[in-house]
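K.L.:
Chain by chain, the residues:
There are 4 protein chains.
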Amino acid sequence: MNPIDKLAALFEKFPGIGPRQAGRFVQYLLKQNQSYRTALADSIKKLGAETAQCRQCFRWFAVEHQGSSLMNVCRICADARRDASMLFVVEKDADIENAEQSGYKGLYFILGGTIPLASEEPQKFIRMAELLSRSKKSGLAEIILGLSATAEGDHTRLMLQEKLRDSGIKISSLGRGLSTGSELEYADPDTIKQALGNRH
Amino acid sequence: MNPIDKLAALFEKFPGIGPRQAGRFVQYLLKQNQSYRTALADSIKKLGAETAQCRQCFRWFAVEHQGSSLMNVCRICADARRDASMLFVVEKDADIENAEQSGYKGLYFILGGTIPLASEEPQKFIRMAELLSRSKKSGLAEIILGLSATAEGDHTRLMLQEKLRDSGIKISSLGRGLSTGSELEYADPDTIKQALGNRH
Amino acid sequence: MNPIDKLAALFEKFPGIGPRQAGRFVQYLLKQNQSYRTALADSIKKLGAETAQCRQCFRWFAVEHQGSSLMNVCRICADARRDASMLFVVEKDADIENAEQSGYKGLYFILGGTIPLASEEPQKFIRMAELLSRSKKSGLAEIILGLSATAEGDHTRLMLQEKLRDSGIKISSLGRGLSTGSELEYADPDTIKQALGNRH
Amino acid sequence: MNPIDKLAALFEKFPGIGPRQAGRFVQYLLKQNQSYRTALADSIKKLGAETAQCRQCFRWFAVEHQGSSLMNVCRICADARRDASMLFVVEKDADIENAEQSGYKGLYFILGGTIPLASEEPQKFIRMAELLSRSKKSGLAEIILGLSATAEGDHTRLMLQEKLRDSGIKISSLGRGLSTGSELEYADPDTIKQALGNRH
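Protein chains in written order, with the working numbering: chain L, 716 to 915; chain P, 716 to 915; chain B, 716 to 915; chain X, 716 to 915.
Hint data in this document are derived by calculation from the structure and do not stem from the laboratory. Cβ atoms here follow ideal geometry from the backbone N, Cα and C, with glycine treated the same way.
Within a straight-line C-alpha distance of at most 16 Å, the following computed EDC-like cross-link-like pairs (lysine to aspartate or glutamate) qualify: (1) Lys820(X) x Asp794(X); (2) Lys721(B) x Glu765(P); (3) Lys760(L) x Asp757(X); (4) Lys721(P) x Glu779(B).
Not everything, but these chain P residues come out facing chain L in the computed CB check (under 8 Å): (5) Asp810; (6) Gln816; (7) Arg891; (8) Glu898; (9) Leu899; (10) Lys908; (11) Leu911; (12) Asn913.
Only chain L is shown next, with the shape it has when bound in the complex (with noise of 0.2 Å):
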């Protein structure tokens, strides 16, 4: 394959591309400059080498040394201020940026997405064996499974109940009914049922 088909079959490969935006990526990246490429090339490469993941939440995140050793975990999980009693499980990196700008305060833990309904190996789709792990130690008062509003997300909540069940910490679900903007009319009714369920 020639460069700039080669190029754009990678790009391709990104969330969400299809061939026609990735070739426009590749005709964007040819009237650049060398210098311009050379930075983005660079970018990529060493991406590896300055990040690391979170050896507490999993989320990825970019490694600054602190005098003569690297850090091992992410700055929300080395932050004293948190509230390190409050773990808010979550399903990917993603998800956080919008949980922080919510005003959470506590910790996270980032699951690596939801188990599919008729999985006979949850274990592969999910890090339970790290969470299981990660509630045994001490500090911890309540998780809270920030999981989608989905079937898949419900399936994977309610096994983690029932493996966090003994653990004897507090296990919480985000709270489900109208969201923010939405109308009654235009609601569905399984959001409705969850309101009504879920009024205060």
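With chain L held as given, fit chains P, B and X onto it using these hints.
P.N.:
Chains P, B and X only, in chain L's frame:
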């Protein structure tokens, strides 16, 4: 105006209908036979005589003859099997359909809208006096405020909570949080904040 | 069926209207006063008596009284300033509005549709006999086939070209190519092929 | 800026990519292994060295070695089977793909854009001098101006027609009219005007 354009202008007032679709409606009617058009016209003309607004919940319903007397309350309000201790306050008739599908078994009250944020005459926009009057009837244990999760809905909810505070009835609001089918990554921070606040 | 659901069912037959919007139309009508509903009903009921299908172009028009006699052709067909040597064959009444805005000054003929690809009885779907008869009237110099740029439109165009071949009238088709506002990058290959073929 | 945010900022400059999708690209890359990231980085870094801009049509192409010498024209320009008497002037590289699928067999010239309506220095936006120079080479019988059917495209076309008027070469433009798949009812009046003007 000629009858084709005149009818199109009447259809253009229908909710959500622009000039192009209004014109298409007229073309559709021109191609139907006269008996169809007469049936539609009669249905529209008799709508007022064959319907009534429920004296209790204010929704529109089809009047039926029971012996010599007309019903003046709707089927739901007249149904002795419904839980008459619960009153679900909704904005408009269309909200009832989804609520019924959610499995709710109490009664309803159609508020008629929401109060604009800057309004000095809130009673112009909603049935506030009628709701206060309804709250004084015996047998009500809980009023559920089923308002839109919008700024106007919140404004209306707060005003109703204040007005109903001394009624001796429990005043509740629909739960806010993740709507069915939604994912954390695409939820807005306020919805996550509500979902965290309503965790259970 | 009760009158509310019955009227919603009639609106649901309107082109492009689903059950939710049909219900909203009825709610809208319930909130109007009786005089509005009567006006709408009368407009619909009288539509048949106040309109006629033009005997020449077959479009629907509002009948007007001229002295003692009714018009039986539409305003465009009756307009002596129009160029009676040109006949623009279009599929439906709604096509005329755009054509008029384009500045076209000849006459029209409403074909009534297109012929499905596999049809064995094409005369069932379009006014073929009426068009042939129209083509035999004196004064016509050109028939412009204004059919959709689709497979069915092309099929119908080819069939009409064959039928009209021996009429002695010039039979033309609308130009194909880039539509106003379009860019080459987003044009499909067939449109580019047509645009190259029709270059000038 | 940390390497994760820095790479996201670089992706955000890609055409059509907002901050959310840029972040998703980085998350995608974090989850790939280092060999994949290295392959992508190398593809980007070597893009400049492995491609060249065709000296004849100005599109980007993958350089190949032929004996001891590098090619300096692209495959299409070098292909003796193409019709060298026809030159299709298009705005950008991406336009060629659709044109090739349309069955066009002549040569191309990448103009590099269109001229803004109010521009006083048109030569800044398009390869006007290069096109004039190209038009003077022997063998050209026709130049097809394949510009967007927009105000800027028309402006550019008129300016090029004027500049090329004395070249002795036939200057043509792409046909305008109904694009494949379109219906008269949804066509804008200008498209119908063009389609009537280009009827055949």
